[in-house]
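For reference, the chains in residue letters:
Protein chains: 2
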Amino acid sequence: MRIGELSERTDTPRRLLRYYEEQGLIISERCTNGYRSYDEPMVDRVLQVRGLLDAGLPTRIIKQILPCLDKPRAIHFPDATPEMISTLELERDRMTTRIGCLTRNRNAVSEYLDAVLTLRDAGER
Amino acid sequence: MRIGELSERTDTPRRLLRYYEEQGLIISERCTNGYRSYDEPMVDRVLQVRGLLDAGLPTRIIKQILPCLDKPRAIHFPDATPEMISTLELERDRMTTRIGCLTRNRNAVSEYLDAVLTLRDAGER
DNA sequence: TCGAACCATCACATCGATGTGAAGGTCAAG
DNA sequence: CTTGACCTTCACATCGATGTGATGGTTCGA
Numbered sequence: 001m002r003i004g005e006l007s008e009r010t011d012t013p014r015r016l017l018r019y020y021e022e023q024g025l026i027i028s029e030r031c032t033n034g035y036r037s038y039d040e041p042m043v044d045r046v047l048q049v050r051g052l053l054d055a056g057l058p059t060r061i062i063k064q065i066l067p068c069l070d071k072p073r074a075i076h077f078p079d080a081t082p083e084m085i086s087t088l089e090l091e092r093d094r095m096t097t098r099i100g101c102l103t104r105n106r107n108a109v110s111e112y113l114d115a116v117l118t119l120r121d122a123g124e125r
Numbered sequence: 001m002r003i004g005e006l007s008e009r010t011d012t013p014r015r016l017l018r019y020y021e022e023q024g025l026i027i028s029e030r031c032t033n034g035y036r037s038y039d040e041p042m043v044d045r046v047l048q049v050r051g052l053l054d055a056g057l058p059t060r061i062i063k064q065i066l067p068c069l070d071k072p073r074a075i076h077f078p079d080a081t082p083e084m085i086s087t088l089e090l091e092r093d094r095m096t097t098r099i100g101c102l103t104r105n106r107n108a109v110s111e112y113l114d115a116v117l118t119l120r121d122a123g124e125r
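Same order as they appear, the protein sequences are chains D and B.
Residue numbering for the first sequence follows the numbering used here, beginning at 1 and increasing consecutively.
Residue numbering for the second sequence follows the numbering used here, beginning at 1 and increasing consecutively.
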């Protein structure tokens with residue numbers, strides 16, 4: 001598919017698809033006329049990238065962890081340098097911290113909403 | 001305490017403490033000489049703000065959800081406008097989505113690391 | 001063949017979070 | 001009284017993600 005369809009299916013501006021490519025997050029084939037061409041799995045790939053970006057990870061980190069998320073993973077083992085491993089460990093821990101922080105605060109917001117809505121329902125009866 | 005101590009204890013640049021105040025995320029008393037003065041709980045408050053920022057929430061959202069996270073919460077019920085409630089519901093759902101995305105990818109990274117380290121340990125023996 | 005709807009690259013603008021430095025006030029210790 | 005370590009405000013710079021528009025090529029249907 002071309003960039004327009006990918007854009008619609010991932011609800012992502014064309015501009016950003018080109019930007020992600022520039023950052024090495026996604027790749028594209030090129031037709032003879034120079035148009036970008038994407039295969040089907042690219043839809044999920046883009047959605048994953050967007051999710052990670054929305055979760056607060058910068059592109060340069062996403063670029064590093066994406067190769068670990070492909071299957072089969074075995075083929076990626078050889079190129080795991082010690083430096084990259086420690087980067088991943090650090091980022092894994094940072095993600096865990098984020099998850100904890102987000103979960104705590106999400107629960108707090110949720111509890112607040114439950115309380116408010118319960119009161120409101122009781123009040124309008 | 002003054003801004004320098006708060007900065008050290010929260011590992012946050014003074015510049016950002018002033019910025020958070022400007023954005024309405026934290027408040028400060030003023031000494032007679034104009035210096036900002038913070039009370040003890042502000043340390044946790046700042047850490048919470050930083051956590052939320054790091055988790056990808058923008059200051060304007062943090063500003064909205066922070067009042068819900070204070071205790072006792074009861075006193076905040078009256079000022080819960082319908083519009084604010086729907087904002088909170090939206091944000092709660094967005095946080096849940098983020099948590100899911102982060103968790104999936106954190107687990108994937110984690111599994112990858114486990115596999116790599118297991119192989120490495122096996123190999124060096 | 002012409003116009004609409006794609007696509008390309010490039011450049012500049014914006015926005016939020018953050019860095020940095022200037023210019024100056026306050027205060028305690030030497 | 002001066003020096004140094006704080007503090008103030010203000011402004012401009014940077015950085016990553018994103019918006020927007022200019023300029024021009026390709027394809028397809030009326």
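Derived from the structure by calculation, the hints contain no laboratory data.
Any given hint could be a false lead.
If several chains are the same, the list does not tell them apart, and a pair holds so long as it fits within one copy or across any two.
To be verified - Below 20 Å or equal to it, Euclidean Cα-Cα: the simulated EDC-like pairs (lysine to aspartate or glutamate) are:
hint	residue 1	residue 2
1	71	114
2	71	22
3	71	93
4	63	21
5	71	111
6	71	44
7	71	5
8	63	29
9	63	111
10	63	8
11	71	11
12	63	124
13	63	22
14	71	8
15	63	89
16	63	5
Here is what the structure says about each hint:
1. 71 with 114: between (41 Å within a copy, 15 Å between copies)
2. 71 with 22: neither (23 Å within a copy, 47 Å between copies)
3. 71 with 93: Neither: 22 Å inside a chain and 29 Å across chains, both beyond 20 Å.
4. 63 with 21: For residue 63 and residue 21, the Cα distance is within 20 Å only inside one copy (10 Å; across copies 34 Å).
5. 71 with 111: between (39 Å within a copy, 12 Å between copies)
6. 71 with 44: The answer is within: 13 Å in one copy meets 20 Å, while 41 Å across copies does not.
7. 71 with 5: The answer is neither: 25 Å in one copy and 49 Å across copies each exceed 20 Å.
8. 63 with 29: Intra 19 Å, inter 44 Å, cutoff 20 Å: intra-copy only.
9. 63 with 111: between (36 Å within a copy, 18 Å between copies)
10. 63 with 8: Answer is neither: 23 Å inside a copy and 33 Å across each miss the 20 Å cutoff.
11. 71 with 11: Neither: 25 Å inside a copy, 39 Å across copies.
12. 63 with 124: Neither: 52 Å inside a chain and 29 Å across chains, both beyond 20 Å.
13. 63 with 22: Answer is within; shortest intra-copy Cα gap is 11 Å, inter-copy 34 Å.
14. 71 with 8: neither (26 Å within a copy, 44 Å between copies)
15. 63 with 89: within (15 Å within a copy, 32 Å between copies)
16. 63 with 5: Close neither inside one copy (23 Å) nor across copies (37 Å); limit 20 Å.
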